[in-house]
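Chemist: Chain by chain, the residues:
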Amino acid sequence: MKRKSPYPYWFVFPAAVIFTTLFLVPSVASLWFSLTRWDLFTAEFIGLENFVQFFKEPFLVQGMTNTVIFAFVTSSLKTVLGLLLAVLLTSGIFAQGFLRILVFFPVLVSTIGVGITFTRLMHPTKGAINIALAQMGIDGPGWLTDPSLALFSVALVDVWKGVGLATLIYIAGLASIAPEYYEAARIDGATRLQQFWRVTVPLVRPATVTVITLSLIGGLRSFDIVWAMTKGGPGFSSDVLASVIYKQYQAGFYGLSTAGNVILFALVALIVIPLVSWMNRKEVDQ
Amino acid sequence: MTRRQFWTGIAALVVSLFVFVVPFVFILFMAAKDKKEAARLEFNWPTEWHLWANLVEVIEARNYMLLLAYFNSTVITVGAVSLLVILSAMVGYILQRRHSRWNAVIWAGVMAGLMVPPAVVPTIWVLQNLGLFKTLHGMILIQVAYGLSFAILLFRSFISTIPRDLDEAAIVDGAKPLQIFFRVILPLLKPATVTIIVVQSIAIFNDFTNPLYYLPGKENVTVQLTLFNFQSQFVSQLNLLFMNILLITIPPLIVYIFFNRQIVAGMTSGAVKG
Amino acid sequence: MKHMKYSGLVAAALMAMSGAAQAEVTLTVLIDNAPNTVAQWEGISAAFTAANPDIVLELETRPGGGEGDNIVKTRLATGEMTDVFAYNSGSLFQALNPEANLLDLSDLEGQANVLDSFKPTVSAGGKVYGVPVGSAMGGGIFYHRPTYEELGLSIPMTWAEFMENNAKIKEAGKAAVGGTFGATWTSQLFVLADYFNVQAQVPDFAEKYTANEIKYATTPAAVRGFEHLQEVYEAGVMNADYGAATFEEGVAMVATGEVVHYPMLTFAIGAIAQNNPDELNDVGFFAQPGDDPNSNGLTVWMPGGVYMPKTAQNVEEGKKLLNFIASVAGCDAQTEATGFQGPYLVKGCDAPLDVVPSVADMMPYFEADGRTAPALEFLSPVKGPALEQITVEVGSGIRSAADGAALYDQDVEKQAKQLGLPNW
Chain L
218 MKRKSPYPYW
228 FVFPAAVIFT
238 TLFLVPSVAS
248 LWFSLTRWDL
258 FTAEFIGLEN
268 FVQFFKEPFL
278 VQGMTNTVIF
288 AFVTSSLKTV
298 LGLLLAVLLT
308 SGIFAQGFLR
318 ILVFFPVLVS
328 TIGVGITFTR
338 LMHPTKGAIN
348 IALAQMGIDG
358 PGWLTDPSLA
368 LFSVALVDVW
378 KGVGLATLIY
388 IAGLASIAPE
398 YYEAARIDGA
408 TRLQQFWRVT
418 VPLVRPATVT
428 VITLSLIGGL
438 RSFDIVWAMT
448 KGGPGFSSDV
458 LASVIYKQYQ
468 AGFYGLSTAG
478 NVILFALVAL
488 IVIPLVSWMN
498 RKEVDQ
Chain F
16 MTRRQFWTGI
26 AALVVSLFVF
36 VVPFVFILFM
46 AAKDKKEAAR
56 LEFNWPTEWH
66 LWANLVEVIE
76 ARNYMLLLAY
86 FNSTVITVGA
96 VSLLVILSAM
106 VGYILQRRHS
116 RWNAVIWAGV
126 MAGLMVPPAV
136 VPTIWVLQNL
146 GLFKTLHGMI
156 LIQVAYGLSF
166 AILLFRSFIS
176 TIPRDLDEAA
186 IVDGAKPLQI
196 FFRVILPLLK
206 PATVTIIVVQ
216 SIAIFNDFTN
226 PLYYLPGKEN
236 VTVQLTLFNF
246 QSQFVSQLNL
256 LFMNILLITI
266 PPLIVYIFFN
276 RQIVAGMTSG
286 AVKG
Chain G
52 MKHMKYSGLV
62 AAALMAMSGA
72 AQAEVTLTVL
82 IDNAPNTVAQ
92 WEGISAAFTA
102 ANPDIVLELE
112 TRPGGGEGDN
122 IVKTRLATGE
132 MTDVFAYNSG
142 SLFQALNPEA
152 NLLDLSDLEG
162 QANVLDSFKP
172 TVSAGGKVYG
182 VPVGSAMGGG
192 IFYHRPTYEE
202 LGLSIPMTWA
212 EFMENNAKIK
222 EAGKAAVGGT
232 FGATWTSQLF
242 VLADYFNVQA
252 QVPDFAEKYT
262 ANEIKYATTP
272 AAVRGFEHLQ
282 EVYEAGVMNA
292 DYGAATFEEG
302 VAMVATGEVV
312 HYPMLTFAIG
322 AIAQNNPDEL
332 NDVGFFAQPG
342 DDPNSNGLTV
352 WMPGGVYMPK
362 TAQNVEEGKK
372 LLNFIASVAG
382 CDAQTEATGF
392 QGPYLVKGCD
402 APLDVVPSVA
412 DMMPYFEADG
422 RTAPALEFLS
432 PVKGPALEQI
442 TVEVGSGIRS
452 AADGAALYDQ
462 DVEKQAKQLG
472 LPNW
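Chains as they are written, first to last, in my numbering: chain L, 218 to 503; chain F, 16 to 289; chain G, 52 to 475.
Treat the hints with caution; some may be incorrect.
What the hints assert, rightly or not - Result set (SDA-like, lysine to any residue): computed pairs, CA atoms no more than 20 Å apart in a straight line:
#1 F:50 x F:71
#2 L:499 x F:112
#3 F:50 x G:331
#4 G:170 x G:424
#5 G:259 x G:472
#6 F:50 x G:330
#7 F:149 x G:362
#8 G:468 x L:275
#9 F:51 x F:40
#10 F:205 x L:422
#11 L:343 x L:358
#12 F:149 x G:327
#13 F:50 x G:327
It should be emphasised that the hints constitute simulated quantities derived from the structure, not laboratory data.
Whenever a hint applies, use it, and build me the whole structure from the sequences.
Modeler: Dropping the structure here:
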């Protein structure tokens, strides 16, 4: 018999029970419904017809492209800005505590409120942004009403709302870097910039992996903010996969929307799993 | 504070004034307007300030529903976050420290939890069979199930920064697994724990969809659902809606301000000073 | 049971003396959260409890729209519905699988008071499952009366006249048509409210449409609705911020004359009363005109119904409530709470003499023969969920009317297949 490990598996048990009963079991059950015509009351088996129908959605390709663009834009901005803000907000600058609260405040406000506020600020004629631009002599665009701009405007607001969370994770990450590393770097005569690249960036790596993983998955599944601001419009121009699925759900096509969820899951898994395992492998290498 | 720190701070303040304060001021102005003025949704100074009147109206609405909602949401949040922190730290710990085939299984579960959208109706069936539907503790367990993945991911990545030597030393001293975990590891995880407390309590307190489906019934109302008192599909009372938004933002703000200090306190002073 | 009734009487008597409410039964009711609905039900609740002191109502609100549909279906499917609930009539009601989930109310006493025109919209398999609450609505065009007087315009009887009016209003330097595509659903009005005109030209449209024998894109009368959107866009007569404005703004704009026409359902009168009470008398209403001046009429939306699930706990008390709602006392309670907004579908509930102009403009359509037609959603279960996105596109010049109608047919096909309708 092996010696008892100091890391026993029963530590996992309570979490596993809750997770399996309330999350895994229902999810697996719903897989079956993706193969049915389901109105919540009766389910009729129709094979893969829902998947066929979902791929026939007229704006599916555009929706998928939008999803990927949205996820990469928001995720990279959150990662970069989050790190920079975290460094700034731990460097002992004036009003640091207050600024931390400010940056985090959007995370606290309900998405409904953020949606109404920004649709208003981005209003083509009455919005504060375009009024300010007009004062500088610039004719502001229809941030949310121009089909080619709407998705990016929503992405910017998503970054605004979410960057505080990335910053917080980074601040916690910076907090666990021992000051000795910086001491050593300074003794070696490293400049601030060099310290940032050679000490901070490599040592906050676990936080970076977390931020990228979370924001990328969040971005690919992003729904609330899109729905609160444009409902996928104007027309279908800012539709993402999750909003396409939600529209099927709202219309009462439960089997079809479940099939859509399976497809969304596949897309997320296809992008995230290779990325995360690559990032984790590098971590082990170090 | 150096001169440079002072001026950087001032510059950051000016920028954030535009980026973060302007939207907040919009919300505040909306919350202070009367019904008719708010319906125009203009970004201007309220002609008359109705902050107090709106505040009273929102609190009294539908028989003090907001106060009941504060209570319910607080119970759910405190219960779920306490469970989440302990359970997920334990999983993250094992996941990071022990390497075997089971890791892949746990890891798959964590990723599935992040990526798979919850299935509403089957979940209700499960809850009904367990007698947990429409109960606060049922809601707590749901929030734990949905929040576990995020928390495990975060804990795992922070546990990797704690040197194994510490566990080894404790093992040599004859500590039991639980003792190592609670006495050695958990105290060192303070920044991650605080982060999870902040993030999850906000997410759970502000959750909207899950209580809507899993916790129906007037006596079970939670804070985000009180927004429905003033926002409907067609006509909204925007002044009251925004006042309500402000009011339900206050508890998480307090949590954040309180724990933000904890993060600061947990930091070794001058860690990143240049 | 009998014993309880007596003690109820005793309690009622005691209560009458002491004034302290000691109710016996709490009846739970699920309603949508529109302020108008809540006000209506608070009125019903107060009047009902005054008449039946041993029953109090507990009103629970839910969101409206698609989210609300899901809540209602989820709660029915999981057996967690309240004793009584209010929900749409017509095709949305049909989607509740009434025969499996709802109590058969065909024999309810109150049904004797319900107008026959309403019953089909809450019936399935020959059984009636609900009674009406609220009033019928018209879909048409609100207009700003002072501007009409000022410019000497008259109510258009054809679409061409309507466009002429728009041109004159534009010349006078005003926005003629309120576009509020910021609230996507409002963009559908020109299409949905045109159904009176579609039916006038193709009387069996609904039937053939359900049976997949006729399409929007290939029926000139049906494409007209989409063309209206395109024409209004091309004429450039909308407010500058049509893409971003919301329903509330639309209501405010037509009340203050910032726009002169606003295509909308008449329930907007409630919103005007709430946000612009001083301008309530400045707003008039007319039906959306078609191409033939001799057939001018209104597309009508039936009021929603009140239903009881098979799982109801307090069946007798619930039926009492439904009888009350389907009575003159019931509509009086609603009128007192929200004002008279349109005809009730309950016998004996007549319009009061002092109604606001927009309601007064609407009533003649109901009073004449053959000047109303139900909206398509009350005649056919087929309605594509993406219509509102398509109408935004056509109304903003992103897509042509013909393309829009064709895309809508494709959307409808998906819906019909999901419903499992024959012939699709």
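Chemist: Would the hint linking residue 50 of chain F and residue 71 of chain F be met if the CA-CA limit is 20 Å?
Modeler: holds, 14 Å
Chemist: Quickly compare the C-alpha distance for residue 259 of chain G and residue 472 of chain G to 20 Å and report which way the hint goes.
Modeler: holds, 13 Å
Chemist: Need the status of pair residue 499 of chain L, residue 112 of chain F: alpha-carbon distance at most 20 Å?
Modeler: holds, 17 Å
Chemist: Are the Cα positions of residue 468 of chain G and residue 275 of chain L separated by 20 Å at most?
Modeler: holds, 16 Å
Chemist: Is the straight-line distance between the alpha-carbon of residue 343 of chain L and that of residue 358 of chain L 20 Å or less?
Modeler: Cα-Cα ~12 Å, so holds.
Chemist: Compare the distance between the alpha carbons of residue 170 of chain G and residue 424 of chain G with 20 Å, and conclude whether the hinted pair is satisfied.
Modeler: Given that 20 Å is the threshold and the Cα spacing comes to 15 Å, the pair holds.
Chemist: Given the proposed pairing of residue 50 of chain F with residue 331 of chain G, does the C-alpha separation stay at or below 20 Å?
Modeler: Holds, at about 16 Å.
Chemist: Quick one, are residue 205 of chain F and residue 422 of chain L close enough, alpha carbons at most 20 Å?
Modeler: Holds. Residue 205 of chain F to residue 422 of chain L sits at ~18 Å (cutoff 20 Å).
Chemist: With the threshold set at 20 Å, check whether the alpha-carbon distance from residue 51 of chain F to residue 40 of chain F stays at or below it.
Modeler: holds, 19 Å
Chemist: Is residue 50 of chain F close enough to residue 327 of chain G, meaning Cα to Cα at most 20 Å?
Modeler: Given pair residue 50 of chain F, residue 327 of chain G holds - Cα atoms ~10 Å apart, limit 20 Å.
Chemist: Regarding the pair residue 149 of chain F and residue 327 of chain G, is the alpha-carbon distance no greater than 20 Å?
Modeler: violated, 40 Å
Chemist: Sort out whether residue 330 of chain G lies within 20 Å of residue 50 of chain F, counting only the CA atoms.
Modeler: holds, 15 Å
In summary, the one numbered hint that this structure violates is 12.
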